[in-house]
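Peer 1: As a plain string of letters, each chain reads:
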Amino acid sequence: MSSRYTSNSWLNILKFPLGNRTAKPRNTGLTMIIDKGLGLGETRDLLNLAGEYIDYIKLGFGTSAFYAGEILEEKIDLVRSYNIEIYPGGTFLEVAVLQDKLEKYLDTVKILGFTAVEISDGTVAIDSNTRCRAISMAAEKGLNVLSEVGKKDPKYRTPLSELIKQVINDLEYGSQKVIVEGRESGVAVGLYDSQGKIIKTEMEELVSAVPDPSILIWEAPMKEQQQDLILRFGPNVNLGNINAHEVLALEALRVGLRADTLKSVCD
Amino acid sequence: MSSRYTSNSWLNILKFPLGNRTAKPRNTGLTMIIDKGLGLGETRDLLNLAGEYIDYIKLGFGTSAFYAGEILEEKIDLVRSYNIEIYPGGTFLEVAVLQDKLEKYLDTVKILGFTAVEISDGTVAIDSNTRCRAISMAAEKGLNVLSEVGKKDPKYRTPLSELIKQVINDLEYGSQKVIVEGRESGVAVGLYDSQGKIIKTEMEELVSAVPDPSILIWEAPMKEQQQDLILRFGPNVNLGNINAHEVLALEALRVGLRADTLKSVCD
Amino acid sequence: MSSRYTSNSWLNILKFPLGNRTAKPRNTGLTMIIDKGLGLGETRDLLNLAGEYIDYIKLGFGTSAFYAGEILEEKIDLVRSYNIEIYPGGTFLEVAVLQDKLEKYLDTVKILGFTAVEISDGTVAIDSNTRCRAISMAAEKGLNVLSEVGKKDPKYRTPLSELIKQVINDLEYGSQKVIVEGRESGVAVGLYDSQGKIIKTEMEELVSAVPDPSILIWEAPMKEQQQDLILRFGPNVNLGNINAHEVLALEALRVGLRADTLKSVCD
Numbered sequence: 000m001s002s003r004y005t006s007n008s009w010l011n012i013l014k015f016p017l018g019n020r021t022a023k024p025r026n027t028g029l030t031m032i033i034d035k036g037l038g039l040g041e042t043r044d045l046l047n048l049a050g051e052y053i054d055y056i057k058l059g060f061g062t063s064a065f066y067a068g069e070i071l072e073e074k075i076d077l078v079r080s081y082n083i084e085i086y087p088g089g090t091f092l093e094v095a096v097l098q099d100k101l102e103k104y105l106d107t108v109k110i111l112g113f114t115a116v117e118i119s120d121g122t123v124a125i126d127s128n129t130r131c132r133a134i135s136m137a138a139e140k141g142l143n144v145l146s147e148v149g150k151k152d153p154k155y156r157t158p159l160s161e162l163i164k165q166v167i168n169d170l171e172y173g174s175q176k177v178i179v180e181g182r183e184s185g186v187a188v189g190l191y192d193s194q195g196k197i198i199k200t201e202m203e204e205l206v207s208a209v210p211d212p213s214i215l216i217w218e219a220p221m222k223e224q225q226q227d228l229i230l231r232f233g234p235n236v237n238l239g240n241i242n243a244h245e246v247l248a249l250e251a252l253r254v255g256l257r258a259d260t261l262k263s264v265c266d
Numbered sequence: 000m001s002s003r004y005t006s007n008s009w010l011n012i013l014k015f016p017l018g019n020r021t022a023k024p025r026n027t028g029l030t031m032i033i034d035k036g037l038g039l040g041e042t043r044d045l046l047n048l049a050g051e052y053i054d055y056i057k058l059g060f061g062t063s064a065f066y067a068g069e070i071l072e073e074k075i076d077l078v079r080s081y082n083i084e085i086y087p088g089g090t091f092l093e094v095a096v097l098q099d100k101l102e103k104y105l106d107t108v109k110i111l112g113f114t115a116v117e118i119s120d121g122t123v124a125i126d127s128n129t130r131c132r133a134i135s136m137a138a139e140k141g142l143n144v145l146s147e148v149g150k151k152d153p154k155y156r157t158p159l160s161e162l163i164k165q166v167i168n169d170l171e172y173g174s175q176k177v178i179v180e181g182r183e184s185g186v187a188v189g190l191y192d193s194q195g196k197i198i199k200t201e202m203e204e205l206v207s208a209v210p211d212p213s214i215l216i217w218e219a220p221m222k223e224q225q226q227d228l229i230l231r232f233g234p235n236v237n238l239g240n241i242n243a244h245e246v247l248a249l250e251a252l253r254v255g256l257r258a259d260t261l262k263s264v265c266d
Numbered sequence: 000m001s002s003r004y005t006s007n008s009w010l011n012i013l014k015f016p017l018g019n020r021t022a023k024p025r026n027t028g029l030t031m032i033i034d035k036g037l038g039l040g041e042t043r044d045l046l047n048l049a050g051e052y053i054d055y056i057k058l059g060f061g062t063s064a065f066y067a068g069e070i071l072e073e074k075i076d077l078v079r080s081y082n083i084e085i086y087p088g089g090t091f092l093e094v095a096v097l098q099d100k101l102e103k104y105l106d107t108v109k110i111l112g113f114t115a116v117e118i119s120d121g122t123v124a125i126d127s128n129t130r131c132r133a134i135s136m137a138a139e140k141g142l143n144v145l146s147e148v149g150k151k152d153p154k155y156r157t158p159l160s161e162l163i164k165q166v167i168n169d170l171e172y173g174s175q176k177v178i179v180e181g182r183e184s185g186v187a188v189g190l191y192d193s194q195g196k197i198i199k200t201e202m203e204e205l206v207s208a209v210p211d212p213s214i215l216i217w218e219a220p221m222k223e224q225q226q227d228l229i230l231r232f233g234p235n236v237n238l239g240n241i242n243a244h245e246v247l248a249l250e251a252l253r254v255g256l257r258a259d260t261l262k263s264v265c266d
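Protein chains in written order, with the working numbering: chain U, 0 to 266; chain D, 0 to 266; chain P, 0 to 266.
Simulated from the structure, these hints should not be mistaken for lab results. Heads up, none of these hints are tricks.
Remember, identical chains collapse to one label, so a pair may be satisfied in a single copy or spanning two.
Keeping only pairs whose Cα atoms sit at most 25 Å apart, straight-line, the calculated PhoX-like set for lysine-lysine is:
#1 K103 / K14
#2 K196 / K154
#3 K154 / K199
#4 K154 / K262
#5 K262 / K103
Modelling step: build the complete structure from the supplied sequences, incorporating the hints.
Peer 2: Next up, the structure:
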């Protein structure tokens, strides 16, 4: 083994085509994984390989309600040991508000060991007061607050002006980052059209209205979306709803070690 | 660890938006996984996490012919230890009939330790007599019989009236459940159109013709299909050809802890 | 366990519908996996189950630059212990040429323990001289050379006549096999149209121009592509960019133990 380069050093020969990728802990260039039910072994394997490239793990939807025995707690501890934030899907919060259990919900999130929480209203209508209360309450309890803007159902699209107002407001009340809804599919939701293409005019309007684009995390499950956002904002754009099996492929895309972004430096 | 809630109890705070989900062992609300070649480690990891939410594992197509060494036998034992039924893909039965090896095939299924068998004619034309003989022979040998209706190739669609006759007949001869063909893709097959949307008139006609909808297992690999079937039949509809990595996501969908079914209780 | 058949022997009852599948080590009937970042555990699990059906593993794109610690070296050793060739994605070579580091790159590939290398120009324009030099240099260093033809971007399609010339040339300079570009998606690239359907006239023209079709490896990530190629060239066509979780499903497809190829022997 001693005569070999190490995997990290062999790239010292080559320069990454797109440079200045941030390292952990970082405030920009974040990657958020959507986990739809990885077992403990699979999680360990993933973190071992690629923990350096993961900043947040979301246990998607209500999946964390179904973990057998102590597996949820073990998984939370494991993820935290890699300095990765972990939180349950936003659906829970919406159900909690619907059932008037907001504070109990936040306490449980905290007790279970989650480090962050998502405050969203993608499905359940939540009035502005409750939203602000949820954000500030979660922040006070020491949770890293990620709020989310955008509706999941294309029939109820939030007007852009209102969405912008919500972003500003959320940050004021204590959100660390604001997630732009993209769902698991990335199609016909938020700022994506029915083909999954980003609606550029709306994206630019949103970006120009916020203090700093790095406060946004773009849910971008499709490779084309990731590519477009990297080409627009650079290797250190914050991306979410990344498939667990795509972490290294995304990293390659970020730094230009994949055709779709490499070509941008060749033309 | 002692100060924490357990993953199961923390949801005691919240009520599942869609209630009355059945628990194992159950006769309705079944989830059947299509396994395209999970290794032993991956299988163990999955069962550990989500064994409570899996009722059947199908080793898809002819994949079980290619397991190295003793892995097939070990996997069968492992799956059975979680009280989950396991069976080889229906293609084998069709090949066996084609090669006039029906009984030898069923004996081998039994000897290998499989607990169930699929009797289908999705690809090979099997006359009604042979089908009945296969079902009753398998049942007599102590195998849990799942028969399947519907052709895999859209060029040879079974007329609905004949399909209904087949369901009734299969049950008479010993089928425990009848699977409605959806393939791995869910597109342009059985009761799904070329977009994967369920053809509702045909579905309703089929359902009204059978003694009890719970004798049907719907192959529904796409989330939209699962959602439509849950919204139509409730959380305890029998669903099949579920991707192994989607078990907990499906469970969330069943009980309303995912946007697509949660919204049904919000409107 | 002693009273049971083994998984290999139980199929002795049945004949594979499509016969004469080659066994390892083989020169035709090759399966090349695209690995987008499997952890060590997952890799071990896969090889344990299906190592007999894998001939090449490509660590896709630049993913191998991001393996933590010694994991890359451990994985290379593991893969080699199953008599499987392993190589980094072609993007690296293109970046190396762009940065005038060709020989250093090839040396590093060799030192890290990779057994093969891909010489491609899917993204970066590489003149014919440099391409020949890269192929012969890699071959001299004892690497198994896979060259690739076809552009990744549909805007820059290589004319078929030039592509044919390249194949002939590559073989002369030392390529073992020539890969026909299909990307990870299989859509609107190389010989695939915007639906992912193979353009048959072009395929036939290419095949008729090469000394032996078995020198080609077809990147065919979609099942329909695999099926069409198996139906055209038989079970032992060389296929690439196969998803790691589809190895056994592909094997079933090759031998007619899956509906899509089984039906060819039924009609």
